[in-house]
Amino acid sequence: MSELPDQPCIEFVEQVTDYLEDAVPPDHRAIIEAHLEICEGCRTLIDQWNETIRLAGRLADTDTTDLDPATRTRLITTFRQSHQP
Amino acid sequence: MDAGYADEPDLVEALRRGDEGAFGWLLDRYDQPLRRLARSFVATTGTVDEVVQETWLAVIEGIDRFEQRSSVKTWIYRILMNKARTRGVRDKRVVPFSSMMDPTFPPTRFLPAEDPEWPGHWAVPPTPWDELPSARLESKETLARVQAAIADLPQPHREVITLRDIEGWTSDEVGALLDLTPANQRVVLHRARAKVRATLETYLTGVAI
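Here the protein sequences come in this chain order: W and X. Going by our numbering, the first residue of the first sequence is number 1, and it counts up by one from there. Going by our numbering, the first residue of the second sequence is number 86, and it counts up by one from there.
Don't read these hints as lab results, they were simulated from the structure. Any given hint could turn out to be false.
[Claimed, not checked] Covered by chain W, per the in silico footprint, the following chain X stretches (three or more residues, Cβ under 8 Å):
{"no.": "1", "segment": "150-162"}
{"no.": "2", "segment": "242-254"}
[Said to hold, decoys possible] Computed from the model, here is a short list of chain W residues facing chain X with C-beta under 7 Å:
{"no.": "3", "residue": "Val-13"}
{"no.": "4", "residue": "Gly-57"}
{"no.": "5", "residue": "Ala-60"}
{"no.": "6", "residue": "Asp-61"}
{"no.": "7", "residue": "Thr-77"}
{"no.": "8", "residue": "Gln-81"}
{"no.": "9", "residue": "Ser-82"}
{"no.": "10", "residue": "His-83"}
[To be verified] From the derived model, a few chain W residues whose C-beta atoms are all more than 12 Å from chain X:
{"no.": "11", "residue": "Leu-4"}
{"no.": "12", "residue": "Pro-26"}
{"no.": "13", "residue": "Asp-27"}
{"no.": "14", "residue": "Ala-30"}
{"no.": "15", "residue": "Ile-32"}
{"no.": "16", "residue": "Glu-33"}
{"no.": "17", "residue": "His-35"}
{"no.": "18", "residue": "Arg-72"}
Every value quoted in this text rests on a predicted model; they were computed, and no experiment measured them. Beta carbons: idealized from backbone N, C-alpha and C, even for Gly.
Isolated chain W, as found in the complex (with noise of 0.2 Å):
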């Protein structure tokens, strides 16, 4: 039996992204481990979390729309001429 005091999942899931940034002082810790060895429901809501931070990061690769090739050309054109005596 552990000794510590149980973390109502009320509680938890306010404190996910300290928890996973690791900004949650060690006697807490110890507290919020101790709830997730025994709660699948709060199991599962980590595993959500990093998964929409993982669907969140893949829109760098989707959502993209590229410099159009005109504009680069004039931009590269305003650098050269910032740089003319």
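Could you slot chain X onto chain W? The hints should help.
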């Protein structure tokens, strides 16, 4: 740093002497992420294009005066934020900020405080997503929901989740750009992720939020 610019002073030096390769490298590296961040501030594609172009022109004009007290990346992003915030006043999207005070889950997802056995524990726990077909999770539709959920966030939340989770910046980098303490940044990031996760939950498993 990569691709031939061993360190920041090298890059700045190259830009100052008019090395077009160095400027092209900057464009190729940062134009797309700048565009994604600019969309956090302004609503129309045309305005996004203008803000990003104005940023590049300011980089060209300002490189000689850049004092290197921040990284080149942070400097460029600061220029973008200033340009975009000026525009944002004219081009504002209305977002109910109060909705960001919502808890991560509605209280009805938990057993009441008076429950004799498990007060405050799950009444309706989240349904695991790993049983879903992976094609569904990875589909364009799912990513479109994520993008739309982020677009619906209030501005500070959009900024933080865009930089942290889309662009993969560290907490320190985001703190330096946005002048947010680590604790405040975590609060904002948590609320933003909570909204996106809830949107995904509704979409993927049909649980009403």
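Legend entry - Broken hints, by number: Those not satisfied are hints 1, 6, 7, 8, 17, 18.
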